[in-house]
Structures are given as structure tokens and as C-alpha cells.
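Participant: With the hints as your guide, set chain B onto chain F.
Chain residues, written in single-letter form:
Number of protein chains: 2
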Amino acid sequence: MEQVKVFLDESEIPRQWYNILADMPSPMSPPLHPGTGQPVGPDDLAPIFPMNLIEQEVSSERWLDIPEEVLEKYLLWRPTPLYRARNLEKLLDAPVQIYYKNEGVSPPGSHKPNTAVPQAYYNKAFGIERLSTETGAGQWGSALSMACQMFDLECRVFMVRVSYEQKPYRRMMMMTWGANCIPSPSDLTQAGKKILAEDPNSPGSLGIAISEAIEDAVADEKARYSLGSVLNHVLLHQTIVGLEAQKQLEKIGVYPDVVMGCCGGGSNFAGICLPYVRDKIHGKDISIVAAEPTSCPTMTRGPFAYDFGDTAMTTPFMAMHTLGHDFVPAPIHAGGLRYHGMAPIVSHLVKEEIIEARAFDQIETFSAGVQWARAEGFISAPETNHAIAAVVQEAQRAKEEGKEKVILFNWSGHGLVDLAAYDAFLSGKLTHYELPEEEIQRALRAIEKFPKP
Amino acid sequence: MEQVKVFLDESEIPRQWYNILADMPSPMSPPLHPGTGQPVGPDDLAPIFPMNLIEQEVSSERWLDIPEEVLEKYLLWRPTPLYRARNLEKLLDAPVQIYYKNEGVSPPGSHKPNTAVPQAYYNKAFGIERLSTETGAGQWGSALSMACQMFDLECRVFMVRVSYEQKPYRRMMMMTWGANCIPSPSDLTQAGKKILAEDPNSPGSLGIAISEAIEDAVADEKARYSLGSVLNHVLLHQTIVGLEAQKQLEKIGVYPDVVMGCCGGGSNFAGICLPYVRDKIHGKDISIVAAEPTSCPTMTRGPFAYDFGDTAMTTPFMAMHTLGHDFVPAPIHAGGLRYHGMAPIVSHLVKEEIIEARAFDQIETFSAGVQWARAEGFISAPETNHAIAAVVQEAQRAKEEGKEKVILFNWSGHGLVDLAAYDAFLSGKLTHYELPEEEIQRALRAIEKFPKP
Numbered sequence: 046m047e048q049v050k051v052f053l054d055e056s057e058i059p060r061q062w063y064n065i066l067a068d069m070p071s072p073m074s075p076p077l078h079p080g081t082g083q084p085v086g087p088d089d090l091a092p093i094f095p096m097n098l099i100e101q102e103v104s105s106e107r108w109l110d111i112p113e114e115v116l117e118k119y120l121l122w123r124p125t126p127l128y129r130a131r132n133l134e135k136l137l138d139a140p141v142q143i144y145y146k147n148e149g150v151s152p153p154g155s156h157k158p159n160t161a162v163p164q165a166y167y168n169k170a171f172g173i174e175r176l177s178t179e180t181g182a183g184q185w186g187s188a189l190s191m192a193c194q195m196f197d198l199e200c201r202v203f204m205v206r207v208s209y210e211q212k213p214y215r216r217m218m219m220m221t222w223g224a225n226c227i228p229s230p231s232d233l234t235q236a237g238k239k240i241l242a243e244d245p246n247s248p249g250s251l252g253i254a255i256s257e258a259i260e261d262a263v264a265d266e267k268a269r270y271s272l273g274s275v276l277n278h279v280l281l282h283q284t285i286v287g288l289e290a291q292k293q294l295e296k297i298g299v300y301p302d303v304v305m306g307c308c309g310g311g312s313n314f315a316g317i318c319l320p321y322v323r324d325k326i327h328g329k330d331i332s333i334v335a336a337e338p339t340s341c342p343t344m345t346r347g348p349f350a351y352d353f354g355d356t357a358m359t360t361p362f363m364a365m366h367t368l369g370h371d372f373v374p375a376p377i378h379a380g381g382l383r384y385h386g387m388a389p390i391v392s393h394l395v396k397e398e399i400i401e402a403r404a405f406d407q408i409e410t411f412s413a414g415v416q417w418a419r420a421e422g423f424i425s426a427p428e429t430n431h432a433i434a435a436v437v438q439e440a441q442r443a444k445e446e447g448k449e450k451v452i453l454f455n456w457s458g459h460g461l462v463d464l465a466a467y468d469a470f471l472s473g474k475l476t477h478y479e480l481p482e483e484e485i486q487r488a489l490r491a492i493e494k495f496p497k498p
Numbered sequence: 046m047e048q049v050k051v052f053l054d055e056s057e058i059p060r061q062w063y064n065i066l067a068d069m070p071s072p073m074s075p076p077l078h079p080g081t082g083q084p085v086g087p088d089d090l091a092p093i094f095p096m097n098l099i100e101q102e103v104s105s106e107r108w109l110d111i112p113e114e115v116l117e118k119y120l121l122w123r124p125t126p127l128y129r130a131r132n133l134e135k136l137l138d139a140p141v142q143i144y145y146k147n148e149g150v151s152p153p154g155s156h157k158p159n160t161a162v163p164q165a166y167y168n169k170a171f172g173i174e175r176l177s178t179e180t181g182a183g184q185w186g187s188a189l190s191m192a193c194q195m196f197d198l199e200c201r202v203f204m205v206r207v208s209y210e211q212k213p214y215r216r217m218m219m220m221t222w223g224a225n226c227i228p229s230p231s232d233l234t235q236a237g238k239k240i241l242a243e244d245p246n247s248p249g250s251l252g253i254a255i256s257e258a259i260e261d262a263v264a265d266e267k268a269r270y271s272l273g274s275v276l277n278h279v280l281l282h283q284t285i286v287g288l289e290a291q292k293q294l295e296k297i298g299v300y301p302d303v304v305m306g307c308c309g310g311g312s313n314f315a316g317i318c319l320p321y322v323r324d325k326i327h328g329k330d331i332s333i334v335a336a337e338p339t340s341c342p343t344m345t346r347g348p349f350a351y352d353f354g355d356t357a358m359t360t361p362f363m364a365m366h367t368l369g370h371d372f373v374p375a376p377i378h379a380g381g382l383r384y385h386g387m388a389p390i391v392s393h394l395v396k397e398e399i400i401e402a403r404a405f406d407q408i409e410t411f412s413a414g415v416q417w418a419r420a421e422g423f424i425s426a427p428e429t430n431h432a433i434a435a436v437v438q439e440a441q442r443a444k445e446e447g448k449e450k451v452i453l454f455n456w457s458g459h460g461l462v463d464l465a466a467y468d469a470f471l472s473g474k475l476t477h478y479e480l481p482e483e484e485i486q487r488a489l490r491a492i493e494k495f496p497k498p
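Chains as they are written, first to last, in the numbering used here: chain F, 46 to 498; chain B, 46 to 498.
So here's chain F without its partners, still in its complex pose (with noise of 0.2 angstroms):
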């Protein structure tokens, strides 16, 4: 019998988080306040995130502990196993091992109770007593709704009104989990208001939710914002997945040649990838390479500048890979990889060609999806099949150079809630999305003026 996962024990959990930026081979640029262009310091963010959050976000401590509190709460679903996807690897024909860390295990299915498990804490433990957010399709907004609840911290989700119609089941997971989910725009917030003076059926937008939820709360001092991915402290949590990874290949005298992720804000593909981007700034041969759609092609074809986090423009300039803040992507059902912006550690690491991106188009990871699901049973978020897809595309190109690799991904989370999308793809009703250069350049015009990195 061929082993197919390797586990980890409960013991051998990581203790400590990997920071990137201890290791970083040159300066980042920093966060400017839109207003003064000057970087952004802590207490700028104070009325948005807890203190003890804030100083994770600019820390350069390479090993941050892990509180007991937050591991207690880890291990309901990690370790997470480390699979070795041997079905597709003989459908493949190819000369590669397969390697997947299974996210899809948590209780939400996906990677993202990872940061939302230690941001309830530490809002806990600052003394906050509500948190507030927004959410797409849901995978954020139920992953906090969760996590909220096991530090007994109140929850309110501000989820895109379209997608709280249209996609009630990670609503009603956030209900079970005690949260309070509200369509957004509302009537709680002047944002809300305000658009629904204008126009009473918006179907909103994910700019909109995320205005109203800073603004939800920056007006109640028991209250902070949450955000789900982009930030360096979403990052910094999400290296227990590489982290875990490395000590699972370890233990089966395995390296990788490839590490891959599907990349929207970043934050699961940097999970899995930061501790390798680490050997491989210290000399390591290592491709890193990240997923991302077509459709929404940030790093591979918009620029590396300054530009708002969100639509709304409301946070502070980041440097980043960006399609303009004012980019709105296809409505491809991957909804966590649609931001016009990139998390600036992954931004800054693509810069520096540590990172490669490539793109795929929707069609092209529903198949490599539809593919998996068939060999290795589970069956992926649309997000993950990009992961997927990029996996497949790289034994392709294995076998044509007749070179031995080995790939690890990261299988960020299950389809089990979107299978809409899969019945769309089955009945051939998924089309290809072409995106015109003069759409991206529309775009861009609105940065244009903006002060460079």
C-alpha cells in the first residue's frame, strides 16, 4: 500500500508564526496616508484594528509565538494532512509528485479560519468586544463568524446583497455560528445609506461592504475592523500551512521543486509559500508560482504602484500589484481571487522575481477541477482549481522536458458550497473571458497620478 497523507501529531504543531519580513532581501515600501503621502505609522490604524494586531502588521520579528489560546483552537482541524495526489499523478502520465496540504479540512472548509482564529483573539484580549467585516461569496465572512464565536466576541458581517440572495449557505453558516450577517448597502451605515438613497435595489459590491464595515467600526470604540486577507498579519498567520508542510515533507525526505497556490489577495498562497521563499532567498532552488485568473490578471499584467486598498478608497496607499482600484473583474465564480490588488508582501516578491505569477483562464481550471475531483475524489473550490490548474499545466511541461519534479500546492479549501459553478461548467454554460488591454489601461488611468514606490 502506497502512503497517500502524512500527518502530523498534535505535538508536532508549529509553535510559531513565520514573518517574511525578517527575511526580506530588500525594503518594502511602506503604507502612505493618501492625505500627507507619508507613511502610515500604528496609531494612524489605531481606530481600525486592536494594537496588539497592529503591531504584528509592522513587526520584523522573524518567529512570532503562537498563543496557547490560538493553538487550542487550531487543533479542532490541524495538523491538517499533507496528501500525495497519487490518482492524478497517474492520469497525468507525467514525471512529477503531486503534494496538497488539505485546508478544506476546517470547519468552514477553507484556509481562512487560519487568521481568523488568532484576530478574534487578539481582539479579545485587547478588550474589544465586536467585530465587524465584510464578505463576498462567504468564505471570510463565516470563517470570523466562527471564530468569533470561540472567543465568545460579537460578529457582524456586511456581505455583497447579490451574493447574500443568491448564496445563502455560507450565510446561514454564519447564522449557526452566531454572527449577524447583513446585506449590504444598509440602512446602519451612512455608506449604506447613501447608496441606497440613490438607488434602493443596489445589488452592492464588495467596495461598499468594506466601507461599511470600517465605518461600522470606527464608530463604536468596543468595535474594530477585520480583514480576511492582503494585510502582513493575515499573512504572517497563514504560514502554518507551509510551515506544517515543510515538517510533513521532512518527515518523508521530500523537497519540493515547485510550490504553487491560487493567489486573490494572497493570503492562503503565501501560507503555503513564505517559509520556502525563505530557503529560497537564502540560495535555494525553488520555484514559487502563483495562480491567479485571467480575468483578473493583477500580477500579471497590471503594474507595481500605489494604489487603494479598496474601491471605496478608504484605506491607505499600498504598494502593490494593481489593476486600479476601480477595476471591476468578470463575475467569474473563483469571487475570492476578484480584487484589483495584491497583498503588497507577495506584490513586492513578484517585483523582485522571487515569485512567478501566471494566469488561467475560468474554463481551463474548471476542467483541471473537474479533473481532480474525478481522481482524487475531493472536489475543490472554484479558487482552488486555479492551483489546480497550474498544477496540471506544470506536469505538462515536466513531461515535455522529460524532468523529474516535484509540486506541492496548497488545496485551499472545498467546493462543496459552490457547486453552482460546477453544474455551469458541466453544462457548457461557462464562457471564456478575454480581457480587452484597453480595459486594464481604463483602469489604470485613475492611478496615474498617484505617488510611486
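It should be emphasised that the hints constitute simulated quantities derived from the structure, not laboratory data.
Misleading hints may appear alongside valid ones.
The list treats identical chains as interchangeable, and a pair is accepted whether it falls inside one copy or across any two copies.
[Said to hold, decoys possible] Here are the simulated BS3-like cross-link-like pairs (lysine-lysine), alpha carbons at most 30 angstroms apart as the crow flies: (1) K135 to K169; (2) K135 to K267; (3) K50 to K169; (4) K325 to K448.
Facilitator: Below, chain B alone, put in the same frame as chain F:
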């Protein structure tokens, strides 16, 4: 850090299933041919099942080897973790330890693939090319679809039309795994055509779907029928759950006082408890408790009698606890527990007072399920919530009696595609079902003249 999970290495996976027939304290009443009144023999079943599975159905060997090919597929999600529900323990504040097997980690999210995989394997090994089955909410149909894909068998699933239309997610799973899912009644069978001629808009029923699946299988010599519960060989395959649990509890030096599971047809319950039933038969002091719904109280209010396994009266007479084959349970959300009968093995053990049955109202089960989700993170299938309600009740009893107890139960599946049921519960739309005694008596009149076991 207190331990939460006990893993088994893949090398520790049980290599044999346990057959309770070898240890039954009294002989079971055999299935009877409804025409002749004589016990059915293997040849009677040959048009329906392959002979290798029929041999398992009637075997009295204590241990049956699990084929390598089946083990290889089991490893995609097995051994499943054994959890300790520490957060629920704290919440209940009772002198109990609560352990559970997490069967939700399988690709379709339930225990069903434990038998789907070997059934597909044995059919393939026997030269069968296609399996036909029925499904209600879709748990079984989705598991068999995946298993058939793994062994390159065609799979045809007759899905009750109202579920096909109202619960599209598991239908989409089946399609993703390459199965042909057909709303029943269909015009593919005489049974279906007859119903459609009477009522072209028939919503279908499990009874009709079974008739269609059997007719479809019997009409094609390269096809066979497959059933997801009730039969001896199905329960046999599920014993891997209890055998793993025994190994895992041994590792931490624990032996349970109470073993629990929800019970519809009997397969997940038998899976966890039969290895412990063996211990009990050999003198061990242990309680074994089956949790069923008050709306379908087969074991707590139905007699032990000969009855048909299906509404359409196509099966042999089986000696079992039954409410009568034309009993129609209320439309509770735990679709998998809406079965008029009970596995003959489980029924026999209830009759022998080795197993105890308790009934729980739907609202009580969802209340326990929400408590569970908020404490332990995972959202349970509505069926599984019956087991959780039993655990909560047992803990309360232990507290009242001031008696320490170790409880083990089977967390048979997650509820991520059953969230509409939680929504109904949380918004106060669920109702109690009081089942009048007259209704049971009326249903039982249909079996009055059948032979007695």
C-alpha cells in the same frame, strides 16, 4: 495543550472488516421469499447483486479481508481522526468525556463511501459494468457516484424528483463525479412510466426510486443494484469506523461506557458500534444506544416483524423493527432517518436488548446541533444531530447521577449542504412532530398477515 485528536497512521488502518454474524448470541430470522415463504438463497439475489457481495451478505466468518484496491481508495480519507469534544464537555459541565469519529472528512462528507467503495470494487471484480441505485437527499447517490468513478463503472442514480429539484447540490456532486442522475419517476422504467401516466407531475418517493433502480439493474445483465444501508454486507463494510475507533481509544488508554450513533437504516450506527457489541456479547459492561427521530420511531415504537424493505414490496421479507412498509414519515430534514424499517442486524440486537434505542424530536436535535457547531466548530448533518442530542442527554444523566462516563459516538457527516435546515430552525420555522399512536397502528395493519419471525 490538551489533546483533541487521535490519528492513526495509514499503516495502522484495519485490514479486515468485522462480521457480527459470527458472534450473534441467538440465530437471526432469515429473509423470506414473499411468494414461497421460504428463506431466500444466494441464487434468488443473483440478478440484483454480484455473487461476491451475496457471499458477504450471508457469510458467518468473523473477519473478512479488505481488498488492497479498496484500502488504496480508503486512504483518500481514512483512517479518519478520532476527536475529543473538549469544548462541548466544558459547555455541558458534566462528568463526561466525549469522543467522536469524524466521518465528515470523506470527499462527499459522510460515512457512505465506506461501503460505496467496496461495493463498486466487488461489482467491478465480478465483471459488472454499471451500477444502479436510488437516492433521497443524495448522500448515498453522491458516495456511490464517486466510488463508481474510482473503479471506472457507469453509475445511474434515480433521485426522488422533489429532492432533485429542491436539493440541487448533491445532484451536482454526482454529475461532477461523472454519474448519470435521473429524476424519479422517469420514463426509463416501467415502474416510472406507470406513475407518470397517472400523475405526470409526481414528486416521486424513495419507494418509487427503489423500484426504478432495481428494475433498471435487473433488465441489464451487465448492471447490478446497489444499496447504501440496511443489508448485512453494508453494515460489515461500515465496521471499519468502530475498528479504527477501538485502536485510537486504545492508544490513549480509554474504553467507552456508552457508544452512540444516529440510526436510520442502521449503517453508520452499526459501523461504530458492532465491534463494541462483540465486546458486550463477551461480557463487557457497555451501553450501546441508537438515536432515532420521534417522527419515524422504528425501534422505539415499531414491532419486530417480517416486512418488506421497500414501499413498493419488491424485496424479500426481512425480520426487523418496522412501522410498516407504507408508513410515510413526516418530512423532517434528516432525510437519511426517514426509513420505515431498520437493518435486520440492528433490529435483532435491539430485540435481544443488547442495543437500546431512544427517540429525539427534530427541534431538540437542531438545538443540540447548533450548540455543537458553536462549541466544536463543525456543522453537522441533520441526521448526525440526533446522535449529538443523545450525547447531550447522556451527559445530563451522568450529571444528575454524579457518575463519570466516557461517551463515544459517530459524527457521521457534515451539514454544509443541509444548511437550509439550520436556517429553518434558527428562524423558528421548524415544528414538533407528535406522531399519533393511531397512525402507527394504521400503518402496521399492512403487515398484519405477514409471517412472524
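Participant: Hint by hint, where does the structure go against what was stated? Just the numbers, ascending.
Facilitator: Nothing - there is no hint that the structure violates, so all of them hold.
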